[in-house]
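Guided by the hints, dock chain C onto chain A, whose structure is given.
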Amino acid sequence: MKGTVHKYAQNNIDTDVIIPGPYLKIMDPDELAKHAMEGLDKEFVKKLKQGDFMVSGENFGCGSSREHAPIALRHAGITAVLALSFARIFYRNSVDGAHLLPIEIEKDAYDNISDKDQLEIDIQKGEVKNITKNKTYKMKPFPELIRKIIDAGGILNYTP
Amino acid sequence: MTITEKILARASGRDRVSPDDVVFAKVDKVMLHDVSGPGVMTVFKELEKKGRKVEKIWDPSRVWVAEDHFVPAVDKLAAENIVMVQNFVKKFNISKHFKYGLGQYGICHTLSHEEALVLPGEVYVGGDSHTNTTGALGCFATGMGHTDVAYVLLNGKIWFKVPETILFNLEGELPSYVMAKDVILKIIADHGTDVGNYKAIQFAGSAISKMPMEERFTLTNMTTEAGAKNGIIEPDQKTIDYVKERTDAPFTAVVGDKDAKYVDIHTYEVDKLEPIVAKPFSPANISTARELSNVPIDKAYIGSCTGAKYNDLLEAARVIKGKKTKVRMEVLPAAQNIYMRALKEGLINIFMEAGAVIGPPTCGACCGAHMGVLAKDEVCVSTTNRNFPGRMGHVESKTYLASPKVVAASAVTGKITDPRDIR
Chain A
1 MKGTVHKYAQ NNIDTDVIIP GPYLKIMDPD ELAKHAMEGL DKEFVKKLKQ
51 GDFMVSGENF GCGSSREHAP IALRHAGITA VLALSFARIF YRNSVDGAHL
101 LPIEIEKDAY DNISDKDQLE IDIQKGEVKN ITKNKTYKMK PFPELIRKII
151 DAGGILNYTP
Chain C
1 MTITEKILAR ASGRDRVSPD DVVFAKVDKV MLHDVSGPGV MTVFKELEKK
51 GRKVEKIWDP SRVWVAEDHF VPAVDKLAAE NIVMVQNFVK KFNISKHFKY
101 GLGQYGICHT LSHEEALVLP GEVYVGGDSH TNTTGALGCF ATGMGHTDVA
151 YVLLNGKIWF KVPETILFNL EGELPSYVMA KDVILKIIAD HGTDVGNYKA
201 IQFAGSAISK MPMEERFTLT NMTTEAGAKN GIIEPDQKTI DYVKERTDAP
251 FTAVVGDKDA KYVDIHTYEV DKLEPIVAKP FSPANISTAR ELSNVPIDKA
301 YIGSCTGAKY NDLLEAARVI KGKKTKVRME VLPAAQNIYM RALKEGLINI
351 FMEAGAVIGP PTCGACCGAH MGVLAKDEVC VSTTNRNFPG RMGHVESKTY
401 LASPKVVAAS AVTGKITDPR DIR
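Same order as they appear, the protein sequences are chains A and C. Using the numbering used here, you'd call the opening residue of the first sequence number 1 and step up by one each time. Using the numbering used here, you'd call the opening residue of the second sequence number 1 and step up by one each time.
To be clear, the hints were calculated from the coordinates, so they are not data collected in a lab. Since the structure is predicted, the reported quantities are computational estimates derived from the model, not experimental observations. Watch out, some of these pointers could steer you wrong.
[As the list claims (entries may be wrong)] If the Cβ cut is set under 10 Å, some of the chain A residues that face chain C in the computed set are:
| hint | residue |
| --- | --- |
| 1 | Gln50 |
| 2 | Ser65 |
| 3 | Phe86 |
| 4 | Leu145 |
Even glycine gets a Cβ: it sits at the ideal position worked out from N, Cα and C.
Just chain A, same shape as in the assembly (with noise of 0.2 Å):
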């Protein structure tokens, strides 16, 4: 996989900025993605291509529930976050709704990344490469269980 870096350099980036309230009434994918990020960066959805990164802090996607936060922000173009950590919820969403791949990793890699620089993430691997910086990071290894669904494209394609 490779993509552009959207760098969001800060911690607890909840659902509801993620995709506020109002819009979870909606089910199409398509038109959640066009309100993605809408409660932090109204240009997000316009800067993305399709299979680009997040890069953030600690705690992303925070809060709420709503499975819309990983869908809208798959459907806008996302791929994969990177992040320092995750908030369980969103990790589990992400991994077992197969919208995208949340990706932990260290401290020193998440400084090293900017703004618009290109990765290339091979979980085979478990590596990150910062092509625009040739550097390469370890991201964090995936528990098995989660790289068996993720393997499977899902939990509900996963027989235990």
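Below, chain C alone, put in the same frame as chain A:
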């Protein structure tokens, strides 16, 4: 083992589990509402497109449905979602559907305990993050997204990583002007909004023993704001009585072992606590109410699963009785039976004579969706649970989270006010 570990061990057919074990646990109860419900239906439709037709769900008697987020129907889309939910209930023979305008209904988390839909010792999964609330009944209660809820509806089980437990011992007696809301805001501020990430948060101690059930639900409700997988309180006689007053269904109460291991233990002497307010834009961003006494407000809000239970209305009414509000005040009881009791006991009169408007139970304003959203730059002091940017309306509105007593006192003065400071 802790109570959380014991419940998960039983549900996964093991003698014991330890933190970080991954288990597939049998689920006892499942909740969906008018946001997660249509999400589940979308998942089922996708499965059908792939040739996996869903004819029945695992056990309709263990499933219940609430209409709470977008009722009364906000617009055509919300109305259609509610019709979808209704059709879903019919198609799969779900017996418990709490329908807006048809007898008892209300916010899903309030119904979970008011109607004893979940019992001590059970595993309960809800399509809403504040499902943690119900853990004050001594059950394992956790929120999930709609794909996971769909999986549970099909399979009757789901994976969990067994969480470590953080124990908060609350000792002493709460001062008359302090409520559980002040306690949980203080805890979140002291330990951070992600302290509970992937963990269980358990409350114990002499202050818990003395605390009414409804106040306990405020604590477990806001473990979600500390990131916790579940919030939990071991059942005692109060819990058992509370459940038995509401249902004849048999249950087996579970408590932790004496040698249970906790990843952290924190003790609070609650006698010293003061009324607390969380400033925008985080539940961890606290001051005392007195430190904020120069903050003017536009609205005082009493509502939500966190702060519109009967006891919340009662405490607010005690503060406001015989006084007039200076700013608009909106009171939305969390469920129809609470509304009726408040009416019979004269609380609704007290609020209305003070100047407040009373609304039907709904999550609407708490999540900024409808029924009283905030304009740009408006300031609200609220009994709800989150104050993220735009949570209750315009992204440049401001929400201060507080107890029902602080909200009522603030309505009277028009500024954030410690309940001790009004006559």
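* Output the numbers, in ascending order, of every earlier hint that fails for this structure. => Checked against the structure, the only hint that fails is number 1, while the rest are satisfied.
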